[in-house]
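Visitor: This is what each chain is made of:
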Amino acid sequence: MATVSLTVNGQRVSAEVEGRTLLVQLLREHLRLTGTHVGCDTSQCGCCTVHLDGKGVKSCTVLAASCEGATVTTIEGLAPEGKLHPMQEAFREHHALQCGFCTPGMIMSAVDMVRRKGNDLDEHTVREQLEGNLCRCTGYHNIVKAIQAGAAAMKRKA
Amino acid sequence: MSHAARSTRIGEPVRRREDHRLITGAGRFSDDVTLPGQAYAVMLRSPHAHARIRAIDSRNALALPGVIAVLTGADLRSDGLKPIPYNPFTLHPADIRMSNSDGSPPFVAPCYSMAVDRARYVGEIVAVVIAQTTPIAKDAAEAVDVDYEVLPAVTRTVAAAQPDAPRLWDDASSNVCLDADVGAKDATAAAFARAAHVVKIETWIQRVTGVPMEPRAAVGEYDAATQRYTLHAGSGGAVRLKTDLAKILGVPAKNVRVLMDDVGGNFGTRGMIYPEFALVPWAARRAGRPVKWTCERHESFLSDFQGRDLAVTAELALDAQGTFLALRGSNIGNSGGHPGSFTPLQKGVEIMSSLYRMPAAHFRARSVVSNTAPTRPYRSSGRPEVMYVMERLIDLAASEFGFDRVELRRRNLLKQGELPYTNPFGMIYDSGDYHDAMEKALKLGDWAGFPARRTEARRRGRRRGIGIANYVDTATGAPRERAEITVHPDGRVDLVIGTISNGQGHETSFAQLVNEWLGVPIDNVRLITGDTDIVKVGGGTHSGRSMRMGSVVIWNSAREIIAKGTRIAARLLESDPSTLRFENGRFRVEGADRSASLFEVAAAAAQLGDLPEDLRGPLAAFSDETFNIASFPYGCHVCEVEIDPELGTLEIARYSAVDDVGRAVNPMIIHGQVHGGIAQGVGQALMEQCYYDPGTGQLLTASFMDYSMPRADNFPFFSTEITEVPCTTHPLGMRPAGEGGTTPALGVFINAVVDALADYGVRHVEMPATPERIWRAIRDARAAPPAGRAR
Chain X
1 MATVSLTVNG QRVSAEVEGR TLLVQLLREH LRLTGTHVGC DTSQCGCCTV HLDGKGVKSC
61 TVLAASCEGA TVTTIEGLAP EGKLHPMQEA FREHHALQCG FCTPGMIMSA VDMVRRKGND
121 LDEHTVREQL EGNLCRCTGY HNIVKAIQAG AAAMKRKA
Chain U
159 MSHAARSTRI GEPVRRREDH RLITGAGRFS DDVTLPGQAY AVMLRSPHAH ARIRAIDSRN
219 ALALPGVIAV LTGADLRSDG LKPIPYNPFT LHPADIRMSN SDGSPPFVAP CYSMAVDRAR
279 YVGEIVAVVI AQTTPIAKDA AEAVDVDYEV LPAVTRTVAA AQPDAPRLWD DASSNVCLDA
339 DVGAKDATAA AFARAAHVVK IETWIQRVTG VPMEPRAAVG EYDAATQRYT LHAGSGGAVR
399 LKTDLAKILG VPAKNVRVLM DDVGGNFGTR GMIYPEFALV PWAARRAGRP VKWTCERHES
459 FLSDFQGRDL AVTAELALDA QGTFLALRGS NIGNSGGHPG SFTPLQKGVE IMSSLYRMPA
519 AHFRARSVVS NTAPTRPYRS SGRPEVMYVM ERLIDLAASE FGFDRVELRR RNLLKQGELP
579 YTNPFGMIYD SGDYHDAMEK ALKLGDWAGF PARRTEARRR GRRRGIGIAN YVDTATGAPR
639 ERAEITVHPD GRVDLVIGTI SNGQGHETSF AQLVNEWLGV PIDNVRLITG DTDIVKVGGG
699 THSGRSMRMG SVVIWNSARE IIAKGTRIAA RLLESDPSTL RFENGRFRVE GADRSASLFE
759 VAAAAAQLGD LPEDLRGPLA AFSDETFNIA SFPYGCHVCE VEIDPELGTL EIARYSAVDD
819 VGRAVNPMII HGQVHGGIAQ GVGQALMEQC YYDPGTGQLL TASFMDYSMP RADNFPFFST
879 EITEVPCTTH PLGMRPAGEG GTTPALGVFI NAVVDALADY GVRHVEMPAT PERIWRAIRD
939 ARAAPPAGRA R
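From first to last, the protein sequence lines stand for chains X and U.
Yeah, the first sequence ends on 158 if you go by our numbering, and it's all consecutive.
Yeah, the second sequence ends on 949 if you go by our numbering, and it's all consecutive.
Bound conformation, chain X alone (with noise of 0.2 Å):
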């Protein structure tokens, strides 16, 4: 067992894990964070994204050891509580969600495109940059239109 301290939504963090738990496994078990789901063991689906340092990763794929002195935002953190962040705000408009369960996923995911491909989204680069997050209940439709539209809400609100 291992000590990590880390930032997780802006609260100072530390937790004992084993060298084998994963990020998510700190975050939904240690941390009760539940909003960064695990739907896969291939880091396929994207549900677990979160944002490491500022970058998109799925945390089922980052040994929580490895996060000492790491930043971490969940869908929890995302926007100041009470408020929803632009992208929230558009899935919530576009109706980018059915059953809900990828949706922390595509949200983080999605706000980490707009960080690595800026606020003019096209149809072609959204579904290209979805290639990791997977969702069995929209095809997709509603959740291009989401992120197109929120990337370029939080140019707005930049």
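Where hints are given, some of them may not hold.
As the list claims (entries may be wrong) - Covered by chain U, per the in silico footprint, the following chain X stretches (three or more residues, Cβ under 8 Å):
{"no.": "1", "stretch": "3-10"}
{"no.": "2", "stretch": "30-36"}
{"no.": "3", "stretch": "40-47"}
{"no.": "4", "stretch": "58-71"}
{"no.": "5", "stretch": "122-129"}
{"no.": "6", "stretch": "132-146"}
Honestly, the hints are just simulated from the structure, not real lab data.
Glycine included, each C-beta is placed from N, C-alpha and C at the ideal position.
Since the structure of chain X is already known, use the hints to place chain U on it.
Guide: Below, chain U alone, put in the same frame as chain X:
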């Protein structure tokens, strides 16, 4: 995107109330449940497709620190757990009856929650390991020594039906569990005898799986003092899960409580009880503490109920002008390792002739067991398969006998004036305007402009094809549903109903109904569905039944509330009940300036001591209805694909859908249902398959690395249009909307692919139409002698 909602009444694209928690990470899915002191279960699953279990030695596992117990099939039997009460046939009286044509009963074997003496598919549970943590339980599972005697296995549908196939059940005479005849054999044979044209297809609608994004999970509790079991697990319905669980555990239903909050997708996959849902509460009783189990994705692929898998041979007879005369053939459905559900077979064959005028039809319908995961209804159970067959037959007939494929459909498609129409299997299509849907789809998909797009694509070296498919979609399902509405004086309304949302947005659309009928703001409506201590009756979400049945029981309850409220308001307003009108949430005295709100009336009901007995207490009403009539959603889809003939790769260029829902409660949600439905249907036709190695019965597609899941870049934006021709058998005119996206998608997609390859002489492409398969089809057609190319 849908325009902004002008109100929160019926017909408005109201943004969903459930979304806030789901976009902020505050949803509560099954794996989010954690109970104090819980232990963790891991399922040890058979690595063999077919094996006798000679012995299980758990000593090494039990010796590991942190291991609490290892439970086997022998423990299950000695504890008296009962078989899973699967109902192989549909529960709805409108579906056709099927029985063995020789008069013998169908073969149905008891299915226990764990293999008792024999494992019949890779992934069947042979032991439950309980430990302090999941990693310890996993290590322990590897230390359990199971002595297997490996037996020959059979996985493929047609092979399993052969008399000499490896047999799964010693007490059955073959793997064929059901062998039924449906339709009129002699009339069909007579029609074929005088046909000018006969077209034939042999095809396999391959095995796929539902893949809800939330893997299954369950937490079980047992309270020794009250002898009560509690199960926290997402499912398609709480009440049926409770009653089935009580039967397995051998306790009265009141000794079981089922709880669920958010459910991460279903598509039929979560429609029936799973073995783990019984094993976990049982394990909790054995361990004396709560037990949690979370399915990993590879386990989902191995052990989730799978779908489709129908082998079909079908022939269509036409006269010289192209009028359909008759349809005949054979359908073989694959039940997997346990004969648990004939529903997809049943629900498919009964509408084999789709929306077309078909004077006669006859089918042999068989269900087989095989060494594969059990199959169950998967989104639009049974219907996408048969719509695909019918629509392929029409396109084949058109190309082989020189008909225009659209004209051939126009000629044979039922006209509005012919409805109600009894199809050759006895199903009665109530109402609709099928021609209007088809013409709208042709327009939406710009069928007329296609030749120019084809020519343009050809200049770029691409082969472009277009396809069309009509569909009908029988909605039946568990026929009973119940709603209860309670109006609280503080301004809240509780709606208790026995169906549950797995992502379909009931918290919004059901609240829109309450808003429409009782004038209550939607945010004041609390929907209660996932607690069987409150919800006592209801069938869950499947077969397009939630809004279809839910709307009626909510409507009945609302009208009862208004009737009761009117009598109370009459007391309160000192008027005769006949002078009161209820509108916008208030009871008004006609011609006077006196009124009382619904909530003031609810307060009065609680306070006025001298009300008649039936009006005293909370202002509440319920409706408990059984719906014995099927509903028939319908529509037409048009799909356009572009193929790179050198690589066999494919792009969906356009997809247009017209779906009739009778009356749309929330069009935004319905469009979303169609989008997702299309993706699941096209996903099957384009790329998905549960691939079992025929020799060993190993599932080679047991992860997202191997099972081809549709991703965002597989699709274009869809053009979807909703039409609303009121359904004559529904009191509010509604038709279901959840499955229509999927139903025609297989057929329309393959029709488009074959059209794109028609110039090469390609006659048919089996599903999934992978690049390799398309590339081979082109190569084989090019290599074929010109005479062979004619077909």
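Visitor: Now, for every hint given, state plainly whether the structure supports it.
Guide: Each hint, compared with the structure:
Counting residues of the stretch 3-10 of chain X whose C-beta sits closer than 8 Å to any C-beta of chain U gives 0, which falls short of three, so the coverage hint is violated. Counting residues of the stretch 30-36 of chain X whose beta-carbon sits less than 8 Å from any beta-carbon of chain U gives 5, enough to reach three: the coverage restraint holds. Coverage of the stretch 40-47 of chain X by chain U holds [criterion: at least 3 residues with CB-CB distance below 8 Å; count 6]. Counting residues of the stretch 58-71 of chain X whose CB lies closer than 8 Å to any CB of chain U gives 0, which falls below the minimum of 3, so the coverage claim is violated.
Check result for the stretch 122-129 of chain X against chain U: holds, 4 residues qualifying (beta carbon to beta carbon below 8 Å, three or more required). Remark: the stretch 132-146 of chain X is confirmed as covered by chain U, as 13 of its residues place a Cβ nearer than 8 Å to a Cβ of that chain, reaching the required three.
Of the hints listed earlier, those the structure fails to meet are numbers 1 and 4, in rising order.
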